[in-house]
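Quick note on the working numbering: the sequence shown kicks off at 1 and runs consecutively.
By construction, these hints were calculated from the structure, which means they are not laboratory data. Heads up, a few of these hints could be off.
[As the list claims (entries may be wrong)] Listed next, the in silico BS3-like pairs over lysine-lysine satisfying Cα-Cα at most 25 Å (straight line):
1) K243 / K178
2) K536 / K464
3) K65 / K145
4) K320 / K344
5) K145 / K82
6) K82 / K46
7) K46 / K156
8) K82 / K65
9) K65 / K156
10) K65 / K243
11) K178 / K223
[Unchecked claim] Label pairs and their in silico Cβ distance ranges:
12) K82 / G239: 17 to 25 Å
13) E541 / K464: 21 to 29 Å
14) E97 / T466: 45 to 53 Å
15) P75 / A479: 51 to 59 Å
16) D217 / A479: 49 to 57 Å
17) G326 / A558: 33 to 41 Å
Built from N, CA and C at the ideal position, the CB exists for glycine as well.
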Amino acid sequence: MPYLAPVTDYRFIMDTVAGFKAVTATDQFAEATDDMADAILGEAAKLCEEILYPLNRNGDLHPAKLENGIVRTSPGFSDGYKAIAEGGWIGMSASPEVGGMGLPMTLTTAVNEMMASACLSLQLNPLMSQGQIEALEHHASDMIKGTYLPKLISGKWSGTMNLTEPQAGSDVGALRSKAEPNGDGSYAISGQKIYISWADNDFTENVCHLVLARLPDRVPGTKGISLFMVPKLIPNADGTLGKHNDLRVVSLEHKLGLHGSPTAVMEYSGAQGWLVGPENGGMAAMFTMMNNARLGVGVQGVGAAEGAYQHALAYAMDRKQGRAGGTGAIVEHADVRRMLASMKADVFAARSIALMNAVAIDMGTATGDAAWTARAAFLTPIGKAFGTDVGIEVANTGVQVHGGMGFVEETGAAQYSRDVRVSAIYEGTNGIQAMDLVARKLMDGGEAAFALLDEVEAGADAAKATHPKLASAVWNAAASLRETTEWLVDQDLNDRFAGAVPYLRAFARVLGGHAHLAAAVAGDASRVRLATFYIKRLLPEHASLLAHTREGGTDLMAISIDDLVA
């Protein structure tokens, strides 16, 4: 089954839901005209359909391997990466001053989703480099920028992020990696890092590691952590590559999925590194990369969902079974139709939220308006968590559509489910995203949340003239979400945390309803039918989620450990 990039859907959402025209109306992004956007999405679609998608099964069936200290990547991945790099896709949103294209994050987000749909294992490599590029642009010295950014943007070098250690997962402040001054402006980095995506490969000239470590005699916890650039090969003064640094890939993890993406245990033994940002400022610098990656990972979930949906739809239209009407294919069965409609509706909702997030980032960048920056920050945990949850759910449903053949690896349906599962875990688990949403993102008293809900209600008011029942359902859902948000703002953190996950899901459900309603107003009959399905059948989930949220933490924490093991 071929993969077809949903370019039409991207353009529809950008124009009618996400507000991309406001981005192109700014001076900074004025050159991102409709014609340019169409050309970029069209060329990216060709790359994904013709070059990347055929590699997807290779990565699953022929995993990356560690041989004598060298990572050997899956067949065809080198050529696929070369096509990505030579097309300029890695540096789409990077500054033109250092070789980037300076394009809106909205376009980069759409392209990244296409690549994730086509070959998620390989797409993870340029995604890591994109995050590193943004971190260096914001925090690195001119020397580091001049040395590393052009190479990363060109794709000649690739980038990673090194946070996790065996004893320090989500609690990054527990890390033990050390940085000792060398006396020449560089530092000796020692320690072990785990779960490092694309820690090495056999198709870039160099791999550039951003590593969190602690300088001597610094305070414990996250406030005493600094960030260092630690390259695999140390660049010479003239930009050529010199000796191999004192670091190595210890092993590659044996994973549930993403077999084509090597995930490594890394050992640093006094490796030479250079400070990025100020001393003790490592978390601020790394969070720049992580926030970039969180939107990117949310989009990976959407991409996997799109791939799984297309795979399931093709099977359902071809598979003949039972006494279905019409063609006799299982797509004619009501329950199969329900599954496919749910998949498609949720992909649209999650994609819309991701592009709304990207538009907010672009508007904050172009205007400097704090309200846009706050919106982007608020949408980031929602986009990451809901996008990856949808990826997992849609991929799982795709297996169900295939029936028994979904459990058979030869059909390829299970790969989507296995590959996307980790997306709800890395770059901050979805539970952590939800806790961030109800804590840090509500520190403004709910201002950013209420601004979004104002727009949802205004959109519903405007839609009542043409789609009164759908509009009323969305308006009422937004009003209920507003009441719960007002309640949350007044609760202590434990009560907020107890209901954080259902609250985030409810917010995503309402934003999805908003997106589908806008699509119904602006689109054809097909858009109206899909919006009707979502708003009548999926949006009502928000009510039970908000009821869960408002229970607080008392009853939850009353469940003792003895109760759990009884």
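To see whether the hints hold, each was checked on the structure:
no., hint, result
1, K243 / K178, "holds, 22 Å"
2, K536 / K464, "holds, 16 Å"
3, K65 / K145, "violated, 32 Å"
4, K320 / K344, "holds, 22 Å"
5, K145 / K82, "holds, 23 Å"
6, K82 / K46, "holds, 15 Å"
7, K46 / K156, "holds, 22 Å"
8, K82 / K65, "holds, 20 Å"
9, K65 / K156, "holds, 21 Å"
10, K65 / K243, "holds, 24 Å"
11, K178 / K223, "holds, 14 Å"
12, K82 / G239: 17 to 25 Å, "holds, 21 Å"
13, E541 / K464: 21 to 29 Å, "holds, 23 Å"
14, E97 / T466: 45 to 53 Å, "holds, 47 Å"
15, P75 / A479: 51 to 59 Å, "holds, 54 Å"
16, D217 / A479: 49 to 57 Å, "holds, 54 Å"
17, G326 / A558: 33 to 41 Å, "violated, 53 Å"
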